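Visitor: Put together the whole structure using the sequences plus the hints.
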Amino acid sequence: MINMQRLKQQISHLILPLSVLVILLVINLIKGPEYFSITMTNGAFYGPIPLLLDHASELVILTIGMALVTAASRGQDISIGVGATITSAVFVLFVLNAGEASLLTIVAGFLISCVAGLVIGAFNGTLVSVFKVQPMIATLILLMGGRSIAFLIDGKLSPLLDNPISKQIGTSITISDQIGTEIFNVPISTPIILTAVFIAITALVLKTTNLRLYVESVGINPSAARLNGISPKKIIFLTFLIMGVCTAVAGFIAVNKAARHDSSNLLKFIMMDAILAVAIGGNSLSGGKFSLTGAIIGAYTIEMLSQTLLRLDVGTETLRAFKAVFIIILMVVASPVVRDYAGKILQFARQILQKVRTRGGGGAEGGTGAPDDTDVAGPDIPVKKEE
Amino acid sequence: MQSEKIIEMEGICKSFPGVKALSNVDFALRKGEIHALMGENGAGKSTLIKVITGVYEKDAGRIVIDEKPIHFKSPQEAQNSGIGTVYQEITLCPNLTVAENMFIGRGRNAFVQWKEMNAKAAKLLSSLGIPASPTQELSSCSLAVQQMIAIARAVDMDCKVLILDEPTSSLDEDEVKKLFELMRELKARGVGIIFITHFIDQVYEISDRITVLRNGELIGEYAVSELPQIELIAKMMGKTLDDVTKIRKHEPVTSKASIPVFESKALSSAAGVRPFNFTIQKGEVNGFAGLLGSGRSESARAIFAADKVTGGEVKIKGKRVKIKTPLHAMKQGIGYLPEDRKGDGIIDELSVRDNIILALQVMKGFFKPFSRKQAECFSDEFIKSLKIKTPSVNTPISSLSGGNQQKVILARWLLTNPGYLILDEPTRGIDVGTKVEIQKLVIKLAEGGMSLTFISSEIDEMLRTCSRLIVMKDREIVGELAGMNVTEHDVMHAIAQGGER
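Line order of the protein sequences matches chains E and U. Numbering-wise, the working numbering puts 216 at position 216 of the first sequence, and it's gapless, one number per residue. Numbering-wise, the working numbering puts 309 at position 309 of the second sequence, and it's gapless, one number per residue.
Heads up, some of the hints might be wrong.
[Said to hold, decoys possible] Examples of chain E residues toward chain U, derived with CB under 7 angstroms:
1) N210
2) S217
3) N221
[Said to hold, decoys possible] Derived pair list, reagent style DSSO-like, types lysine-lysine, alpha-carbon separation capped at 30 angstroms:
4) K308(U) x K289(E)
5) K289(E) x K384(U)
6) K233(E) x K389(U)
7) K308(U) x K207(E)
8) K289(E) x K342(U)
9) K384(U) x K207(E)
10) K364(U) x K289(E)
11) K324(U) x K132(E)
12) K289(E) x K444(U)
13) K308(U) x K132(E)
14) K289(E) x K389(U)
15) K233(E) x K331(U)
16) K234(E) x K373(U)
17) K331(U) x K207(E)
18) K331(U) x K132(E)
19) K289(E) x K324(U)
20) K308(U) x K233(E)
21) K387(U) x K289(E)
22) K331(U) x K234(E)
I should point out that these hints are in silico values taken from the structure, not numbers from a laboratory. Quantities reported herein were computed from a predicted structural model and do not represent experimental measurements. For glycine and all other residues, C-beta sits at the position ideal for the given N, C-alpha and C.
Guide: Given below as structure tokens:
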């Protein structure tokens, strides 16, 4: 019974992202069951769902960092796309200068770009934790100037990543291609593998450290956290450092996918999706308790939303408008106001049912149909039935 | 002195869900009088003020202003009727000019006549003797001048009543003097002033009359000359009528030869407590006695480095140590249960379990989390031993009652097994039964060899538990009382006489 309760507690905040995910899956099923087909093409899995997982990689990784930053600092980092552009510029610079593109070069380049990510995180983190600048304002600085820095690093030429490497190796397949798509003989695309590894590492960190307890304490009540020996400054700074690593990994994946470094457009609007993913995941944007599971599901949900809209023949130029409308509906449905209202309606309905039952005596049939869980918001009940 | 009454209140009642904040309170303010409203925390001073100014609606009673029954629905309405209020925190805009601050939101026109406004402000400022220019930015003025400008804003528009809620708490002595001059000037003009403060000396310096409230009830109205300090203090504290089983107080620790568990020399903090010396022996229970704002909490916070320590020397068991942060203090075996349970104690969305293990977990380290099982084991142990009423260890602490929340925080510190535990108002806002439980626990812990500092605004509670009282007044230690036969009277005497050395 206690375990059931705990399970229910853990599930309750996932209701929103899961139900949206289910709605989108159902829409796709109605549009055509080929959505769920997976085929082997050139020795790798292919189909809408593998594609979705592949496309969402950068967003998922950045969302993890965003959830942590939000929980501790009660604000959001809006410079993540720009940060990733800078770290990937560092990566590209290193790989192009290294000459030989061996596995070692790639790993070394990646690690150096991680250092760049840490520097960016330290910069933002110092502004927020030491100088108490609002996170959005602090990161706005990098958002404004960051792409110029990336231009300066990569030589303003949007260099292609594959050309010099392919020449040296002498084949048409480059290592960077493999990171962007699939490594030879591995059926799953590399971004998916990297994301899975990243999620696993995050889970391991949460399991083996007190990151969650510290971050949540600082986000909920910094002054109480301080009196219990936690330094809110250090914890907020730490979340920005983690965010720095996330941007480096996301930048690494994105630049390899594109096989060229486009300083002005790489991951351009991704911070909005990341913030939304955090919110859809049932996390408060004003800090405190957080759920990375929810945020990750939220990230995949947003990617699936774009994919679904494209499948429904919404043009790329109007896609954002449709997405916006969908998210407005989602946020209104999930808002406390509507939840309260829905709860009241349910209660009212239950009262009426009870009256009918006590009056009718045998009219218990209607009663069994009444939903037991009040916390399930209105719209996802019919969805579950359809399923 | 004229005795014409400006405000007359009769039988005012006000309750909030679960609390009777005011019951049957009468209050009268006369023209040209400075009337101090006194009482400890929760006595109902602020509630009474808010009933006058229309922030709260009264449940029962009558308010007569200038012989007309009045019923304000909003603070704005009260303001328009000539009742100005200045709150403790300065509620002006620091980046606007002095004149803008004085008149903003006052004009009935959409357009501001800058010249006229500045001229009017200059006139008012000079007539009240406030050293500020109308076009100066407010943030460039000292705190005292800002406070005076807040008053000038309130008294503009032929004000009849001025309410000052703790106006002096952030001012230094010279600034207080300037403020008092302004108050006397206004008094001479016939303004009635209601003055709320925790500084007893200031009351005796400037007030004509005192009204004392306690636990939402009127204790009485007195002329200042007829009420000696000691009686005022007695009236404010009252006799708490706990039906408490007599708790056995243990013998004062007299072994002066032994090395104290904690010793400080000239310790001071950024919160403004004067440098103080303090020692506590093993197994001793002592306490800081004094009224609210006397510096008793600030001293405790200085020991734990909860406020920034600005000077002094600290020895733990005879060894000199540096305590710069709460974590240093914790590592030296000091625990601190803060006065403000909601603001500094509980992490409200987190579970009872997380709240209990927090301090020990932080001491253990970032990379060594307790297993869930271990954490639950710790929590269950204290939930049982302290009789914490909670549905489960996973319940968020915010859904427990105040007393049970306090026990969780207590459990948090007991789990760290501190050598020295500071309890700042551990019994505030909790029911009598739990109060007694906590008092008994304190004695039991001391018998087990723990040193404790117990701070409470209820003197008899401290007398029951502490074997030595350090008396504080105006952020300074003014005396010390030890022994089995200390009475409430002795404590009040010590507080009252403290400042008159």
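Visitor: Would you mind marking each hint as holding or not holding in the structure?
Guide: Structure-based check of each hint:
The beta carbon of N210(E) comes within 5 angstroms of a beta carbon in chain U, closer than 7 angstroms, and the hint placing it at the interface holds. Against a cut-off of 7 angstroms between C-beta atoms, the interface hint on S217(E) holds, since the closest Cβ of chain U lies about 5 angstroms away. The restraint placing N221(E) at the interface with chain U holds, with a minimum CB-CB distance near 5 angstroms, inside the 7 angstroms limit. Restraint check: the Cα-Cα separation between K308(U) and K289(E) comes to about 29 angstroms, which is no more than 30 angstroms; the hinted pair holds.
Restraint check: the Cα-Cα separation between K289(E) and K384(U) comes to about 27 angstroms, which is no more than 30 angstroms; the hinted pair holds. Proximity of K233(E) to K389(U) is assessed by CA-CA distance (about 34 angstroms); at most 30 angstroms being required, the pair is judged violated. Between the alpha carbons of K308(U) and K207(E) the distance comes to roughly 34 angstroms, so the proposed pair goes past 30 angstroms and is violated. Only pairs whose Cα atoms come within 30 angstroms are accepted, and K289(E) paired with K342(U) is accepted, the gap being roughly 17 angstroms.
Under the criterion of a C-alpha separation no larger than 30 angstroms, the hint pairing K384(U) with K207(E) is consistent with the structure, at around 28 angstroms. At roughly 22 angstroms between alpha-carbon atoms, K364(U) and K289(E) fall within 30 angstroms of each other, so this suggested pair holds. As the CA atoms of K324(U) and K132(E) are separated by approximately 21 angstroms, the hinted pair is consistent with the 30 angstroms bound. Annotation: proposed proximity of K289(E) to K444(U) is violated, straight-line Cα distance about 37 angstroms (limit 30 angstroms).
Of the pairs offered as hints, the one joining K308(U) and K132(E) holds, with about 18 angstroms between alpha carbons and a cut-off of 30 angstroms not exceeded. In summary, the hint linking K289(E) to K389(U) is supported, as the alpha carbons are separated by about 24 angstroms, within the 30 angstroms threshold. Among the hinted pairs, K233(E) with K331(U) is consistent with the structure: their alpha-carbon atoms are about 20 angstroms apart, no more than 30 angstroms. Taking the CA atoms of K234(E) and K373(U), the gap is near 28 angstroms; set against the 30 angstroms cutoff, the hint holds.
Distance check on the hinted pair: K331(U) and K207(E) sit about 25 angstroms apart at the alpha-carbon level, within 30 angstroms; holds. Proposed proximity of K331(U) and K132(E) is supported: the alpha carbons are some 28 angstroms apart, at most 30 angstroms. This hinted pair checks out: K289(E) and K324(U) have alpha carbons roughly 29 angstroms apart, not beyond 30 angstroms. About 15 angstroms separates the Cα atoms of K308(U) and K233(E), which keeps this hinted pair within 30 angstroms; it holds.
A hinted pair counts as satisfied when its Cα atoms are at most 30 angstroms apart, and K387(U) with K289(E) qualifies at roughly 27 angstroms. In summary, the hint linking K331(U) to K234(E) is supported, as the alpha carbons are separated by about 18 angstroms, within the 30 angstroms threshold.
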